[in-house]
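**Student:** Single-letter residue listing:
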Amino acid sequence: MQPVLETRDLTIRFGGQVAVDAVSLAFHKGTLTAIVGPNGAGKTTYFNLISGQLRASAGDVFLRGERITGLPAPLRARRGLGRAFQLTNLFPDLSVLENVRLAVQAQSGVGLQFFQPADRRTDLIDRARAWLEEVKLIHRQHDPVTALSHGDQRKLEVAMMLALEPEVFMFDEPTAGMSVDEVPVVLDLIEAIAQRGDKTVLLVEHKMDVVRRLAHRVVVLHQGKLVADGEPAEVVASAIVQEAYLGIRAKA
Amino acid sequence: MKRQHPVLTALLVLLFVALAAAPFIFPGTKSVATASRVCIFIVLAASYDILLGYTGIVSFAHTMFFAFGAYGVAIPLAAGWVGWDAVLVGTLGSAALAAAVSAAIALLSLRVQRLFFSMITMAVASFAQILATQLREITGGEDGLTFSLPAALQPGFRLLAEPIFGVRADGRLVGYYLTFFVALAMFWLMRRLVASPFGRVLQAIRENEFRAEALGYRTIVYRTTASAIAAAVAAVAGVLMALLLRYVGPSSTLSFDVMTDILLMVVIGGMGSLTGPALGAAVVVLAHYYLQPLMQAGHDALAGVPVLPNLVHPDRWLLWLGTLFVLIVYFFPAGIVGSLKRR
Numbered sequence: 083m084q085p086v087l088e089t090r091d092l093t094i095r096f097g098g099q100v101a102v103d104a105v106s107l108a109f110h111k112g113t114l115t116a117i118v119g120p121n122g123a124g125k126t127t128y129f130n131l132i133s134g135q136l137r138a139s140a141g142d143v144f145l146r147g148e149r150i151t152g153l154p155a156p157l158r159a160r161r162g163l164g165r166a167f168q169l170t171n172l173f174p175d176l177s178v179l180e181n182v183r184l185a186v187q188a189q190s191g192v193g194l195q196f197f198q199p200a201d202r203r204t205d206l207i208d209r210a211r212a213w214l215e216e217v218k219l220i221h222r223q224h225d226p227v228t229a230l231s232h233g234d235q236r237k238l239e240v241a242m243m244l245a246l247e248p249e250v251f252m253f254d255e256p257t258a259g260m261s262v263d264e265v266p267v268v269l270d271l272i273e274a275i276a277q278r279g280d281k282t283v284l285l286v287e288h289k290m291d292v293v294r295r296l297a298h299r300v301v302v303l304h305q306g307k308l309v310a311d312g313e314p315a316e317v318v319a320s321a322i323v324q325e326a327y328l329g330i331r332a333k334a
Numbered sequence: 025m026k027r028q029h030p031v032l033t034a035l036l037v038l039l040f041v042a043l044a045a046a047p048f049i050f051p052g053t054k055s056v057a058t059a060s061r062v063c064i065f066i067v068l069a070a071s072y073d074i075l076l077g078y079t080g081i082v083s084f085a086h087t088m089f090f091a092f093g094a095y096g097v098a099i100p101l102a103a104g105w106v107g108w109d110a111v112l113v114g115t116l117g118s119a120a121l122a123a124a125v126s127a128a129i130a131l132l133s134l135r136v137q138r139l140f141f142s143m144i145t146m147a148v149a150s151f152a153q154i155l156a157t158q159l160r161e162i163t164g165g166e167d168g169l170t171f172s173l174p175a176a177l178q179p180g181f182r183l184l185a186e187p188i189f190g191v192r193a194d195g196r197l198v199g200y201y202l203t204f205f206v207a208l209a210m211f212w213l214m215r216r217l218v219a220s221p222f223g224r225v226l227q228a229i230r231e232n233e234f235r236a237e238a239l240g241y242r243t244i245v246y247r248t249t250a251s252a253i254a255a256a257v258a259a260v261a262g263v264l265m266a267l268l269l270r271y272v273g274p275s276s277t278l279s280f281d282v283m284t285d286i287l288l289m290v291v292i293g294g295m296g297s298l299t300g301p302a303l304g305a306a307v308v309v310l311a312h313y314y315l316q317p318l319m320q321a322g323h324d325a326l327a328g329v330p331v332l333p334n335l336v337h338p339d340r341w342l343l344w345l346g347t348l349f350v351l352i353v354y355f356f357p358a359g360i361v362g363s364l365k366r367r
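Line order of the protein sequences matches chains A and B. My numbering puts the first residue of the first sequence at 83, with every later residue one more than the last. My numbering puts the first residue of the second sequence at 25, with every later residue one more than the last.
Pulled out of the complex, with its shape left as it was, chain A reads as follows (with noise of 0.2 angstroms):
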């Protein structure tokens, strides 16, 4: 079977440093794939490749076989590629649901709508209330973003790319800063998409409590080099993770 997503020999050198090291891998649908390694491994400078934040030095991505690493990051969000971002990244003085609307508008392909005004389009607005349910933020449809807490706020960035509906969903650290009451609904949420079969999942986590419920793949990366690969079981036990893990208790 063709996989959904590839990257064949995927490099990203900043100077002397190189940051991600020939990285080759695919993604098939209906999969989670964990991506672990210890800070400064190279996790989020991988998927910036992925989803066109960063272009490539080297190496390919492939999405649905179609070659795709000379294209800008909207493009690659049009044909499917849905990233939510480590560190919250909304649009501050706007409206939780205004942020919500605009990933459904850009989902429908009528930004460059001139002249009907956009609160009339209430199929749009409904649909985004529909993704602020989901994610249990419906009753704060109308704050700013500022005024969100930051684990609300990371529950937005997950509205935004539900709201996208793409064929890879990209989490980054999605629990990460959350309280623990705040954690299962987007746990919850992300094994739902999962289930479904129809949809890859690219989850980056620290939490091997996390990636044990949810993958079902897991690998690894360690100083930009792709260094396991396997069942979570496996390779959780494997001798190159509990080293690289030991590093991070060590930091955190």
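Think of the hints as simulated: they come from the structure by calculation, not from any bench. Everything numeric in this text was worked out from a predicted model, so none of it was measured. Check the hints yourself; a few may be wrong.
[To be verified] Which residues of chain B face chain A? A few of them, derived with a C-beta cut under 8 angstroms, are: (1) Val198; (2) Leu202; (3) Ala219; (4) Phe222; (5) Arg224; (6) Glu231; (7) Arg235; (8) Ala238; (9) Gly240; (10) His337.
[What the hints assert, rightly or not] Which bits of chain A does chain B cover? Going by a derived footprint, with three or more residues having C-beta under 8 angstroms, they are: (11) 160-170; (12) 196-205.
Ideal Cβ placement from N, Cα and C applies to all residues, glycine included.
Following the hints, complete the assembly by docking chain B onto the known chain A.
**Tutor:** Below, chain B without anything else, positioned relative to chain A:
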């Protein structure tokens, strides 16, 4: 839905009524010309706000597009093609040219850093100014162009034999209402634009360009389109200015003074609201026209008092205008509209 502050609504209604009935409330050539200028600068400042306030683009070439419109109708009219067809062709042609040039500048330079874009617009605007002064055969050089208007706009024209409410229905009145209704239509179109899905994306780009890209919006397309639209609207404002003055020259349309005025209007009124720059335009135009007479009155009233009369001598009006602007920007950094929003 955002609610408008009642004071803001009141100010806007006041402005609208004052402009709609200006020839009847404030009869006289000078006051009607001032009202025309307010209408024209509302359009110009609001179109600049689409760039600065909604999209976060800092351009110094906006007066150039204003001049495109002014010269666009002045050149055919001065060449002896006097008629509404000349005005229409000049308007559409210059608006299209303004949109094209603006889009070209945007495509070439919006990819780079914002500061660099601002510098490029400044260079292009200076280039246009030099061009206007050098191409004497076409533009009249430093002297500019004077021209006749279509018959219906000439002071001698009578729309109705009888005066309406004591005001003669002459070409000036027709000209004023032409300006008023074109400005109103432009303002309404811009309001529609910023409330449209397109306008919402512009605000998203201003807030977080990186995120807008990640959602799938090609920001270069949006920013280019926005600057093309703003340029076309500025050209229409330029047409109205040319028709009002019956004269076009580099200093009245292309100078950096005009650019400074636009910036002041947008900043004083409050960026990113369209209504703010509209109010700002009224404030700045009125200050230009009435501060001097007001100071003359103050000067006369204070005659005999030591020092004070000299302080408010009409010759010092620019000093006071400058002081006023500095104070406004210092105490109301978000402009009129922004200050009313905070409650």
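**Student:** Confirm or reject each hint.
**Tutor:** Taking the hints in turn, this is what the structure says about them:
1. A hinted interface residue such as valine 198 of chain B counts as satisfied when its beta carbon comes closer than 8 angstroms to some beta carbon of chain A; here the least separation is about 29 angstroms, so the hint is violated.
2. Look at leucine 202 of chain B: its Cβ only gets to about 24 angstroms from chain A, farther than 8 angstroms, so that hint breaks.
3. Satisfaction of the interface hint for alanine 219 of chain B is found here, the shortest Cβ-Cβ separation to chain A being roughly 4 angstroms, below the 8 angstroms cut-off.
4. Contact between phenylalanine 222 of chain B and chain A, as hinted, is supported at the beta carbon level, the nearest pair being about 5 angstroms apart and thus within 8 angstroms.
5. At its closest, the beta carbon of arginine 224 of chain B sits 5 angstroms from a beta carbon of chain A; the interface hint therefore holds under the 8 angstroms criterion.
6. A distance limit of 8 angstroms between C-beta atoms decides the matter here; for glutamate 231 of chain B the minimum to chain A is near 4 angstroms, and the interface restraint holds.
7. The interface hint given for arginine 235 of chain B holds, since its Cβ lies 5 angstroms from the closest Cβ of chain A, which is under the 8 angstroms cut-off.
8. For alanine 238 of chain B, the interface hint holds, the least distance from its beta-carbon to any beta-carbon of chain A being 5 angstroms, beneath 8 angstroms.
9. Taken as an interface hint, glycine 240 of chain B checks out: its beta carbon lies about 4 angstroms from the nearest beta carbon of chain A, inside 8 angstroms.
10. Checking histidine 337 of chain B against chain A by beta carbon gives a least distance of about 45 angstroms; that is not within 8 angstroms, so the hint is violated.
11. For the segment 160-170 of chain A, the proposed coverage by chain B is satisfied: 3 residues have a C-beta within less than 8 angstroms of a C-beta in that chain, meeting the threshold of three.
12. Evaluation of the coverage hint for the segment 196-205 of chain A: fulfilled, as 7 residues show C-beta separations to chain B shorter than 8 angstroms, against a requirement of three.
Hint compliance for this structure: hints 1, 2 and 10 are not met, and every other hint is.
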